[in-house]
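**Q** Given the coordinates of chain E, work out where chain S should sit on it, guided by the hints.
The lines below spell out each chain.
Number of protein chains: 2
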Amino acid sequence: MTEKPLILVTNDDGITAPGIRNLIEVMKELGEVVVVAPDSPQSGMGHAVTLNKPLRLDEVDMYPGIKAYQCSGTPVDCVKLAVDVVLDRKPDLLVSGINHGSNSSINVIYSGTMSAAVEGAIEGISSIGFSLLDYSYKANFKPLLPYVRQIAKEVLEKQMPAGTLLNVNFPKVESSQDIQGVKVCRQALAKWQENFVARTDPNGRQYYWMTGNFVNDDQGEDTDEWALKHNYVSVVPVQFDLTDHHQISFLNRWNFHVQ
Amino acid sequence: MTEKPLILVTNDDGITAPGIRNLIEVMKELGEVVVVAPDSPQSGMGHAVTLNKPLRLDEVDMYPGIKAYQCSGTPVDCVKLAVDVVLDRKPDLLVSGINHGSNSSINVIYSGTMSAAVEGAIEGISSIGFSLLDYSYKANFKPLLPYVRQIAKEVLEKQMPAGTLLNVNFPKVESSQDIQGVKVCRQALAKWQENFVARTDPNGRQYYWMTGNFVNDDQGEDTDEWALKHNYVSVVPVQFDLTDHHQISFLNRWNFHVQ
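As you go down the protein sequences, you meet chains E and S in turn.
Note that the first sequence ends on residue 342 in my numbering; no numbers are left out.
Note that the second sequence ends on residue 342 in my numbering; no numbers are left out.
Among the hints, erroneous ones may be present.
Said to hold, decoys possible - Within a straight-line C-alpha distance of at most 27 Å, the following computed DSS-like cross-link-like pairs (lysine-lysine) qualify:
| id | chain 1 | residue 1 | chain 2 | residue 2 |
| --- | --- | --- | --- | --- |
| 1 | S | K266 | S | K241 |
| 2 | S | K136 | E | K136 |
| 3 | S | K221 | E | K136 |
To be verified - Chain S is faced by these chain E residues, among others (derived, beta-carbon under 8 Å):
| id | residue |
| --- | --- |
| 4 | G127 |
| 5 | L140 |
| 6 | I189 |
| 7 | R269 |
| 8 | F279 |
| 9 | D324 |
| 10 | L334 |
These are calculated hints, taken from the structure and not from any lab test.
For every residue, glycine included, the Cβ atom is placed at its ideal position computed from N, Cα and C.
So that you can see chain E by itself, here it is in the shape it has in the complex (with noise of 0.2 Å):
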């Protein structure tokens, strides 16, 4: 008797959202389910994680026959909570989402979502994360799910190869036939453009809400942010190494010399 996968599910909007529902429907599909998810919204947040505050972890019964335990941390909190109290073996796989709004580009390195998905690669596990270009609540997941299914299949039985993870986002559409098809691209070079807007509390003091407009110069057809505005479902590999290792023998040159 063969053993099911162990699959790994986790997000950043929450264990509520209709996202992590989704993906747990599809996950249940193809192998054992236990979900570890923030107990609210951690978009934003980022590789945080909590040092200096202790950590709730609750069993909850909100998805009949699944193992779920919602934590009061951050995504990456959920991840390395999971790992070392709640499992038992190493997971085969792990996803993240689906994150309501999309992760691509830059956006991969503020993500909640892409961070957990990033702390699993870390632990050694094939991980990926997965984001719908629809900000809304209600987003309407199903168009995407045969292609959620069918990438976690191929990275369940292929295995992600050391220090690389996936960063999937779908395009917003309203049916599966809508779908161009899959590409995988690397990330655009787009950045966002902060705009503060100040207000004035009752007290007479001024505070700051965080907008900004996304801005993409990138042209390149081998982009996610092109893939996603032709309705290709992107799938970007995702590196946790940060060195920029082609510039080690430029900065050799420079003297960091002290007398």
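**A** Coordinates of chain S only, in the frame set by chain E:
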């Protein structure tokens, strides 16, 4: 008359930490300094941004002759607010730290100090994160300061190539003479092995503290861990394009196709 270089200083240990005070002292010699730093410790915040709460940003007069602001947000929030709200031109240099504790190897991804520097690079600013392998509030920063000055001076003069910033880590030493020199390194492929400590609160509910052991199986002599262990200053070029470019052609052979 040449304008003095504009230098933005931030950190993650908070605006009152000895590490940032030492950094400000050195930067004053190199240019016009503006400080925008967290009003409280923000270690381990990674690349988190504050999306669902407003931010406070208040000018403080704790550094005579220097414009300084404390911010209620994360280190990355500080950089974004500095660029959009505080400064009227792009700084010539961003320095973050000096962190109480090393940010070598995989720690770059969890570190608020380094994420502030990464954010600077995303904004197109030459950026450096400085960290000392000593977590103590009373850490001895003095022996490092000639190196901080020289590295910052060189980066100001040469300016970082687009897409790259520096992660500078210092060994813990008694005097400058103990430092063997500066090595341009790659990030060691090491990780944290978590070990959560469970406690029970007075109401009988369990909670967890994150602890862990740093596991480095990377024996390379070109790593930051090797350099620090042998009393060298490590300088790692860091990138924020997380695409694992080498894997793109490999993944193009996988089957992500949906019938």
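**Q** All hints are to be evaluated individually against the structure, with a verdict given for each.
**A** Hint check results:
no. : hint              : in the structure
1   : K266/S <-> K241/S : holds (18 Å)
2   : K136/S <-> K136/E : holds (20 Å)
3   : K221/S <-> K136/E : holds (23 Å)
4   : G127              : holds (4 Å)
5   : L140              : holds (6 Å)
6   : I189              : holds (6 Å)
7   : R269              : holds (4 Å)
8   : F279              : holds (5 Å)
9   : D324              : holds (6 Å)
10  : L334              : holds (5 Å)
Comparing the model with each numbered hint stated earlier shows that all of them hold.
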